[in-house]
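Undergrad: Sequence:
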Amino acid sequence: MNTAAQNVMVVLVTVPNAEEASRIAKTVVQEKLAACVNIVPQIRSVYSWKGEVCDDPESLMIIKTRAELFGAIRDRIKELHSYEVPEIIGVRLSDGIDGYISWVFEVTRSSS
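37 is the number that my numbering gives to position 37 of the sequence shown; each next residue is one higher, with no gaps.
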């Protein structure tokens with residue numbers, strides 16, 4: 001088990017379209033808040049919003065970052081996101097290969 005992996009998070013973010021996903025992804029990588037962002041351009045989300053059941057096309061961002069940067073990346077995404085209440089969910093890793101975990105730390109900034 002790679003205990004360093006527990007200091008890495010996957011952050012899931014839904015956005016209305018791939019263009020917004022790309023804009024946010026490039027910003028968080030350029031600012032070293034994320035090592036990598038995968039964009040799934042077309043998903044379908046069914047959710048409850050303001051008393052109605054909605055069924056909308058969206059894009060999904062899968063972001064890899066240091067756990068210590070979650071607060072900073074959450075706040076930055078909220079600034080860039082078009083939704084009133086964006087989905088920004090952080091999940092800590094339980095394991096991962098050494099090289100990938102090391103790379104995440106090499107290409108992201110420290111929170112201090």
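Any given hint might turn out to be false.
As the list claims (entries may be wrong) - Below, computed lysine-lysine pairings styled on DSS-like, alpha-carbon distance capped at 25 Å:
1) 78 / 26
2) 26 / 50
3) 78 / 32
Simulated from the structure, these hints should not be mistaken for laboratory data. Since the model is a prediction, treat every value here as computed from it, not as a measurement.
Undergrad: Are any of the numbered hints broken by this structure? If so, which, sorted upward?
TA: 2
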